[in-house]
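Peer 1: Just add 180 to the spot in the sequence shown (first one is 1) and you have our numbering.
If you're looking for bench data, these hints aren't it; they were derived computationally from the structure. A hint or two may mislead.
If you anchor each label on the Cβ, the simulated ranges turn out as follows [stated by the list, open to error]:
1. H330 - Q252: 18 to 28 Å
2. G310 - A224: 22 to 32 Å
3. R305 - L431: 33 to 43 Å
4. P313 - A368: 28 to 38 Å
Beta carbons are placed, not taken as given, at the ideal position from N, Cα and C, and that holds for glycine.
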Amino acid sequence: MVQPRVFQVSMLAMSLGVTACVADLASSTPPDEAPAPALAVDAAPHVEYFGGPVLAHIAVHPVWWRSTTRFQAGFNTFYPSVVNSAWWAVLAQYGVFPGTATAGVTDNNLAVTVSDAAIHTELNRLFANGSLPSPSANSYYPVHFPQGMHITAPDGSQSCVQFCSYLGTYVRNGVNVVYGVLPDVGDAGCNTSCGTSTSVQNNEQLQSSHLLIEAATNPAAGLATVFGPPLGWFDPNNGSIADLCSGQQGLANGLVVQKIWSNAANACVDH
């Protein structure tokens, strides 16, 4: 069952009819609505390890849904740079180390209205025809969409209405497929609520870095139903490492990213 991490449109407390926070919205019970664990949990932010996998050396394989997807050249530079930066080095405390990123694959999908299941189908097609490398224990596939798309998450929430982006997981041939869903945040709704920069590209980098952090530290969150494996690093009261710092802008090798929650520093940091 896919239970994506949904990065709500209201992440910066700008109301579009949803709660001003980042939350799990899922097709069934998400981890943060599961029965409480039999242990004391501090209310203060602090992520705990629940035994699931991490992407120790993330391998990022971007997908551009269509040739008109914006900022392709920028993201082909962004991903390899940020996963080898002082910002990324913060994740070493969680068992995550420098990674790699390939140039994005440009698809030619003309659909403008898609469901989460349709994204699975398209990724599987790209795996089968060799356009994308098959999933491994470190693979992550951020799917970037062009302007004008209408994307429906498994719970029925809509892009640029209830969410800015989300992280999902499904199983293919016994291997987890960890993927990000990234609408163009220049679209109406997203353009006022998915970042504070005047640059759409900077706001897309903020979204993309949020999902990168979650993918690396909690890649199977979408498959978890209890506070235990396959859940990775998570704060039962406050969400993921990325959720704890939602909307807080930092820099990685001069590029805009979202800050990371550091247990070691007890703060949101970018180095």
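Peer 1: Return holds or violated for the Cβ distance of H330 and Q252 against the range 18 to 28 Å.
Peer 2: Holds, at about 21 Å.
Peer 1: Just tell me: holds or violated, for the beta carbon distance of P313 and A368 against 28 to 38 Å?
Peer 2: holds, 35 Å
Peer 1: That 33 to 43 Å hint for R305 and L431 (C-beta), does it hold up?
Peer 2: Check passed, 37 Å falls within 33 to 43 Å.
Peer 1: Evaluate the given range 22 to 32 Å for the C-beta pair formed by G310 and A224.
Peer 2: About 48 Å separates the Cβ atoms of G310 and A224, which means 22 to 32 Å is violated.
Hint compliance for this structure: hint 2 is the single one not met.
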